[in-house]
Every structure is written in C-alpha cells, then in structure tokens.
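Asker: Sequence:
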Amino acid sequence: MAVGAFQLRPRSASYPKRGEKPTGEFVRDFIQVKVLSLRELFSGEYAFRLPWFQRAYAWQTGQVGKLLTDIFDALELEGDQRRYFLGNIMLAKMPDNPDTALVDGHQRMMTLTILFAVLRDIPRGAAERAWLHDLINAETGHRLTPQEMLRDFVETYVQRPGATTLELEENPEDLSETERNVIENRDYLVGQLSHRTVPVESLDAMASFLADNCFITVSIVRDENEAWRFLQKEEETRYRFSLTNRAKSSMLALIPLGEREACRKIWEKLEMSLGGEEMYGLLGHLRTLITRRPSDKPVDSDLIENSNIKTDGRRFIEKVLEPAGERLSALRRMEAGIPGDRPRIAASIERMTWIAPNAWLPAGMLWLEKRSGSRETVLFFARLERLMWMLRLSGMDPSRQQKLLVRLLAEIDKGMPVAEMKELAISKATRDDALESLRAHTFDSRRYAGRILRRISSELGQDPGPIHPDLCTVEHILPCGWLDKSGWRTEFKTPKSVKSYSHRLGNLTLLSGADNFAADSKDWSDKRVIYAQSGFKIATTLAGTDEWNSKAIDDRTEHMIRILFDAWELPV
Numbered sequence: 049m050a051v052g053a054f055q056l057r058p059r060s061a062s063y064p065k066r067g068e069k070p071t072g073e074f075v076r077d078f079i080q081v082k083v084l085s086l087r088e089l090f091s092g093e094y095a096f097r098l099p100w101f102q103r104a105y106a107w108q109t110g111q112v113g114k115l116l117t118d119i120f121d122a123l124e125l126e127g128d129q130r131r132y133f134l135g136n137i138m139l140a141k142m143p144d145n146p147d148t149a150l151v152d153g154h155q156r157m158m159t160l161t162i163l164f165a166v167l168r169d170i171p172r173g174a175a176e177r178a179w180l181h182d183l184i185n186a187e188t189g190h191r192l193t194p195q196e197m198l199r200d201f202v203e204t205y206v207q208r209p210g211a212t213t214l215e216l217e218e219n220p221e222d223l224s225e226t227e228r229n230v231i232e233n234r235d236y237l238v239g240q241l242s243h244r245t246v247p248v249e250s251l252d253a254m255a256s257f258l259a260d261n262c263f264i265t266v267s268i269v270r271d272e273n274e275a276w277r278f279l280q281k282e283e284e285t286r287y288r289f290s291l292t293n294r295a296k297s298s299m300l301a302l303i304p305l306g307e308r309e310a311c312r313k314i315w316e317k318l319e320m321s322l323g324g325e326e327m328y329g330l331l332g333h334l335r336t337l338i339t340r341r342p343s344d345k346p347v348d349s350d351l352i353e354n355s356n357i358k359t360d361g362r363r364f365i366e367k368v369l370e371p372a373g374e375r376l377s378a379l380r381r382m383e384a385g386i387p388g389d390r391p392r393i394a395a396s397i398e399r400m401t402w403i404a405p406n407a408w409l410p411a412g413m414l415w416l417e418k419r420s421g422s423r424e425t426v427l428f429f430a431r432l433e434r435l436m437w438m439l440r441l442s443g444m445d446p447s448r449q450q451k452l453l454v455r456l457l458a459e460i461d462k463g464m465p466v467a468e469m470k471e472l473a474i475s476k477a478t479r480d481d482a483l484e485s486l487r488a489h490t491f492d493s494r495r496y497a498g499r500i501l502r503r504i505s506s507e508l509g510q511d512p513g514p515i516h517p518d519l520c521t522v523e524h525i526l527p528c529g530w531l532d533k534s535g536w537r538t539e540f541k542t543p544k545s546v547k548s549y550s551h552r553l554g555n556l557t558l559l560s561g562a563d564n565f566a567a568d569s570k571d572w573s574d575k576r577v578i579y580a581q582s583g584f585k586i587a588t589t590l591a592g593t594d595e596w597n598s599k600a601i602d603d604r605t606e607h608m609i610r611i612l613f614d615a616w617e618l619p620v
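If you're matching positions, the sequence shown starts at 49 in the numbering used here and goes up one per residue.
Calculated from the structure, these hints are not laboratory results. One should not assume that every hint holds.
Stated by the list, open to error - Cut-off 30 Å, straight-line C-alpha distance, at most; resulting in silico cross-link-like pairs (BS3-like, lysine-lysine):
1) Lys-544 to Lys-570
2) Lys-114 to Lys-599
3) Lys-470 to Lys-451
4) Lys-533 to Lys-570
5) Lys-313 to Lys-358
6) Lys-345 to Lys-367
7) Lys-476 to Lys-451
8) Lys-451 to Lys-418
9) Lys-544 to Lys-533
10) Lys-599 to Lys-547
11) Lys-541 to Lys-570
12) Lys-533 to Lys-476
13) Lys-345 to Lys-462
14) Lys-345 to Lys-317
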C-alpha cells in the first residue's frame, strides 16, 4: 500500500479500544481510499481509461493557468508546507489488475498528462525526458486512454515523444470543442514554460515537485457501475442551492431581525436589477475591493470575515452593497462618467467586454466611486481597455492578471493621474509577447481570433457584431485545404506553404455565413467579387488587391497590427 493510504475495515475487523492509538488504516471490501503522489498515481499500478459516462474534456486556459500559478507558488514554500493538494478523484479497479476506469477526475488527469508532456518535450537532458515520458507512457501503452474519438488526436499531439512540439495539421475550425481545448491548453503551457524568462533549472525543479510533492486523494471501488451509482447518488442528494441564495442566506442571517426586512428588500431589488449571476459577481467584485487579495474561500465567508456586516449589517447593505451594485449597473448599462464623455467611455467598456467580460470590473467600480466626475475618466477606461486586450494577447495567466489589477486599485486609491499609473502601462515584455501572438502562423487557432478581427473592424468604422454562424464568420482568404489543381497553386505550390500562410492574421477576414460558404475554396479573382459586395468593411478593403500571395499576407498582418497598436497608442 502506498504511503498515506488508508482503508476501511469490514465490520468483523477489530477497532482500537478506548485509549489505544489508531493505526490510521481502515478497510471495507468495496472501497479503498489512498493519498498518492503523482509519481505513484502515474505508475504501472494504474492504466487509466475513460468510461462511457465520462464528460468531455472541458478545461480551458483559465483553469490551466490557475493550476500552473498555484504550482509555482507552492514551489516557493518551505519545509512541511512545500506541497500541493490536487483534490479528489474516483477510480474503478479490481485488485491486481491495472485496468482502471477514471470515474471522476478526468479534467485534472488530462491536464496533468498534457503538463508532463510539455515538460518532457522542452529541450533538456535525456534522463529528465525519460522519467517524464514514463509518467505518460508505459511499455504496454499510454497511462491515460481517452475516449475513442479523441484517442488518436491526444496520442498525436500530446502523448508521443515530441508530440507537443508538432504544429496542428487540422484546420482549427474543424476541431471539436474537446480537441480545441486540448490544443489550446497544450500550446498555452508550451508558451508559459518555454518562455524566455523561465530557466530550465526551474522547470527541472517544477517537474520533481509535481511528481513527489503534489498529492491527490484517490477513492477506489471495484465495480464501475457501482462507481457511477455513487456519483449519481451524490448528485441526487446534493441540495440545489444557488451560490447567490447561499450568500444571501448566510449574510442576512447576521443582521438583527428588526433590520433584516429592510436589508432583504435592498438585496432583492439589486438582484432583480442585475440578475442572479451578476449579483453573485457583485459580491466577488466587492470582495476584491475590500480584501485587495486573491482568495479561494467562498465569497460570502470572505465578506463576512472582512467587512462590518457582523457588527453593523444594515450599514454594510445600505452604504457598501447597494452603491456598489448601482456602480456595477452603470458600467453594464454603459452609462459611466459625465454625460458628454459617455459615448467614448461606453465604446471602451463595450470593447473590454469582448475580450474580458468581468476581470476589469473592480477597477471600473472603484474609479466610479472615487473619481466618477473626473475628465480623466475617458482616458482611464481607454487605458483599461488596452490593458485587458494586451494581457489576453500576451498570454498572462489569470492569477498574475488578478494581482496586477489589485495593484491598480491601490493606484486609483492614491488619486494618481492616469498617465502615471504604472499598472496601466504596457511593458515591453507584454508588448513583445502580444506581437508574437498576433504574428503567429497559427493565429486562427486562438480562441480570441474572431474578437481581434471584430476589434480591427471597429477601428475601420464598423462593428460587425460577435462571431455568429449565420451573421458573422471567420473566412480564410487563402483556403486551408489542399486541392492539387486549384488556381492557388500558382502562388502556394506545396501543402507546407499553404499551412504556413493560411492561418495567419493577415489571411483572415469576416463574412456572413452564406458568403463564406460561397467563397469556399474559390480562386482569388472570384473571392474578390464576393468580398466587394459583402457589406463587411474589413472584407471590402481587400477587393482592390490584385494578387494574394505570401507578401500580401505578411503586409496585411503588419497593417492590421498597426491598426490595433495605433488605436492603443503603442509602438509596434
């Protein structure tokens, strides 16, 4: 049994008598619970497969970024605190048989597999690569076998040696949501861990820490169907209580009975105005404004602990919660600032919501609280919008973004002029990372590619609206596919040349779904006609280009970058 494992004893087993020291090992024959390191979990004892009832892989870069930041933070700890707990998973496995159904924990296990693979494929010594590869693959096969439809894809782009260095062969638009998540998370981890600021020695330390200092609680049952019943029973017996209602109940319960009704009416008025989800978001933004630190605690617990609701609940509801709700509502309605400035402020706010719907809200709310009537409000929201786009383009992980935005709150508190706010400035490193992303020859695989095209189009004087399968779609000017007899072969003679240029920013435009279908793989002369009458300004500007070749794509990529950077007042 692994270190830290414990089992439940059958009823016939003897239990410690009063005064005796328990052994810490309990046994029941239908379930076993262990605490394992990742090296023990990804060992020859388990050959994981995903059973028929498992959900698809749904983690995105936000969850992966938080995991990565948490691991790096845990690396800084010392002594007995230098460890990281990854939660609980459930397995179905018979004794002495490695075949293991991964009943619950798919998201973490797939993400860890991708993380091990990325660490393995970053250039380093053969010994380091070998033991990392052993966490992914055994002589008998892969440690983790995904569902059949995803199996070959994960093997090709993750599990094989060197797989995470391979470029995507498929058209990103043809990927399933699960395949897109695998590729985006893989490429995000590659970008973060192979970044110029990350030394190889720290990666070696991280890999060892992952294997030996990261732990997970594992519940093992013998019968796969019984495991499903366990999960189903947990879902059925869980009280369906929304997070908003839970917070409302716990916070209002602290207010004296004679004042509670008035506070309840204020709460429900806000909730009716904002909606349940936005109301819970308001509590999260308030938590950030009050505590000025990231937190994993339940938001209501944090607010109760750090506000005056326990001593003066009515004042908290009337003087803190209600005004904060009104400021949030003003931002959502785009009615911030003095009337004459509102159209320009509203434009910045709207474009922020395209790329980061919520992260900027505490800063916006604090600005309205402290300096709502300032003539600098236009500049503040323009700089805040620029910051949110650049953070996304540069790939900064969500935890670092949150810390930066908390520091921005301190600058707002000090009443600093907007031009002197360091946290609103764009560093050279952030700008370089953003430019690298925009110039990438796989730009269209990024989830925000369509939003960048929308942002560029808005600078050209037309907001085409969000990406929509009928109304607004992303069109590849040079088609991604390879047709041997296509007229495109004059300029792009090999599949490699098509792959190198078809996914770049400069090769993308916007069209309606019908026009996109009509354009399909047509030659440039035919596509120009469709673009000219499309009604999309970002497409009609293409119609005057005589030839579409590699130089045209490179030139348009740089032109589109300059449109963005000029709007953001940044040098290219």
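Asker: Against which earlier hints does the structure fall short, listed by number upward?
Answerer: Per hint list: 2, 12 violated.
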